[in-house]
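On the provided structure of chain B, position chain V with the ligands as indicated by the hints.
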Amino acid sequence: MNSTTVIVGASLAGINAARTLRLNGQTGPIVVVDADPERPYDRPPLSKQMLTGEWEPEKILLPAGKEDLDLDFRLGVRAKAVDLGSRQITLETPNGNVETSAFDSLVIASGAAARRLPDTAGIAGVHVVRTLADSLSLRADLDAGPSRVVVIGAGFIGAEVASSCRKRGLDVTLVEALPLPLERILGPEMGRVCAQVHIENGVDLRLGTGVLQLETAAVDGVERVVGVALTDGTTVAADVVVVGIGVSVNTQWLEGSGLNLDDGVVCDDTLLAAPGVVAAGDIARYPSARFGRMLRVEHWETAIAGGEAAARRLLAEESGETPAVFDPIPWFWSDQYDRKIQLAGRPMPTDECVVVHGSTEEFRFVALYGDGDRLTGVLGMNRPRHVVQLRAIFEEGATFSQACERAAAL
Amino acid sequence: MRIVVDFDLCESNAVCMGIAPEIFEVRDDDFLYVLDENPPESMRAKVEESVQRCPKQAISIAED
Ligand SMILES: Cc1cc2nc3c(=O)[nH]c(=O)nc-3n(C[C@H](O)[C@H](O)[C@H](O)COP(=O)(O)OP(=O)(O)OC[C@H]3O[C@@H](n4cnc5c(N)ncnc54)[C@H](O)[C@@H]3O)c2cc1C
Ligand code: SF4
Chain B
1 MNSTTVIVGA SLAGINAART LRLNGQTGPI VVVDADPERP YDRPPLSKQM
51 LTGEWEPEKI LLPAGKEDLD LDFRLGVRAK AVDLGSRQIT LETPNGNVET
101 SAFDSLVIAS GAAARRLPDT AGIAGVHVVR TLADSLSLRA DLDAGPSRVV
151 VIGAGFIGAE VASSCRKRGL DVTLVEALPL PLERILGPEM GRVCAQVHIE
201 NGVDLRLGTG VLQLETAAVD GVERVVGVAL TDGTTVAADV VVVGIGVSVN
251 TQWLEGSGLN LDDGVVCDDT LLAAPGVVAA GDIARYPSAR FGRMLRVEHW
301 ETAIAGGEAA ARRLLAEESG ETPAVFDPIP WFWSDQYDRK IQLAGRPMPT
351 DECVVVHGST EEFRFVALYG DGDRLTGVLG MNRPRHVVQL RAIFEEGATF
401 SQACERAAAL
Chain V
1 MRIVVDFDLC ESNAVCMGIA PEIFEVRDDD FLYVLDENPP ESMRAKVEES
51 VQRCPKQAIS IAED
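Order-wise, the sequence lines are chains B and V.
Just so it is clear: in the first sequence, position 162 is 162 by the working numbering, and no numbers are missing.
Just so it is clear: in the second sequence, position 33 is 33 by the working numbering, and no numbers are missing.
Excised from the complex, chain B in its bound form (with noise of 0.2 Å):
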């Protein structure tokens, strides 16, 4: 096959999309496009080893990007717009020269933005956590030795950027709106288990609480964070404040293209968007029967499983061959402080959610979710043998009573 292929995002799922592209046949030209001047590199580290100053960006190189697949990266380059009619993706260059770039086949793999707090642009000390250039920012500013950290949101990157934070000996305080931590994801009572697992690790936990504002002063000319003022009334004193209050799907460049927008691109579920246009990883929002719902999931598995998907899907169109169905179990992990959290599945908050191995006082343990006999979730601590064999159970197709009954014999 020579046909042209364009990739936006040269991150988990556009690289190993080009990767699967390349080393299925594809010989023409694969063009993979990013705004982001850095060389390939994976995101999960950015949270943990980058910023406890464990590791340094070499060691978060993504490997296939540094593999020879005969790729034109066009890095610091930012899709603007497309026509899929003509076939012709618009892209700006880093010294603002816009171009257009003629194409057959196109992948969709811009991931998604961390969200900020609105009004907060340009004030000193305060941070995301999405990209490489984030991290270092914070990490020099941790470097400095702040006397508090405020990290907002008590989801997954603010939990891990508490625990580094912790790990660094510097006080944290870690503002949740919710009544428990991932309470959404996990449900009430895992929610509950991870809040103590913060305030055994030192953390000033505030939850239920919002944000009224930041508070700033000028130091030395420039607009510096010192505090944050919350709804219960208290305002914290910090140097520092990282907002982990999720992200926002990079589909602003395909905007009047007539594809189907919804928070992500709305896909089928081979992940093709439109013909001989397929989208993968954070920002693809696709159909899954396991589950009975549409999905779009944040994790870095499904973003490697879902690039290689969709370099498939474009290869079964060019071959004529049946396309393969994606709809595997979403599998993630997050790492806070000694704690290894993994989750298999899907659970509603609202599932039932029992323990089947350890305890969670211990916090070492496995639990399963259900809807009525419906197994949707795994969940360990600290427990990775279990979470992987009782998610091969899952994928099976064992339900909830079954999966319980094995649990017991692992």
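All the given hints hold, so there is nothing to weed out.
Residues from chain B shown here face chain V by an in silico Cβ test under 8 Å; the list is partial:
hint: 1; residue: Pro44
hint: 2; residue: Pro63
hint: 3; residue: Trp300
hint: 4; residue: Glu301
hint: 5; residue: Ile304
hint: 6; residue: Trp333
hint: 7; residue: Lys340
hint: 8; residue: Pro384
hint: 9; residue: Arg385
hint: 10; residue: Val388
hint: 11; residue: Arg391
hint: 12; residue: Ala392
Residues of chain V clear of chain B, computed beta-carbon distances all greater than 10 Å:
hint: 13; residue: Met1
hint: 14; residue: Val4
hint: 15; residue: Val5
hint: 16; residue: Phe7
hint: 17; residue: Val34
hint: 18; residue: Ile61
hint: 19; residue: Glu63
Hints are computed from structural coordinates only; laboratory data are not their basis.
By construction, the Cβ of each residue, glycine as well, lies at the ideal position given by its N, Cα and C atoms.
Same frame as chain B, now just chain V with the ligands:
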């Protein structure tokens, strides 16, 4: 093919075990054990998938 695991990088998350339980096993002591360091060629696809999916880039294949 010979499997090389960098145990300084490995964090025992058992991802490789999920892909190739015949080769990789994380035991109750939370350490990874390589059950077969010289797996047959027929296992190559699974080993390569493990290399790609290890979040710590701890697995490599030596050809000797
Ligand atoms: C700090 C952090 C820690 C994480 N930790 C974990 C973890 O422990 N476990 C886990 O499972 N997952 C984790 N994740 C999630 C995981 O990293 C993401 O799911 C994954 O990066 C998604 O890959 P992607 O390729 O879809 O998108 P992204 O990684 O978001 O990449 C999209 C790329 O597209 C580029 N782009 C966007 N718009 C344009 C445009 N218009 N033109 C050109 N280029 C554009 C961006 O520059 C970016 O490089 C973490 C994420 C972060 C940020
Ligand atoms: S996937 Fe990598 S880090 Fe995880 S257990 Fe295997 S070798 Fe270790």
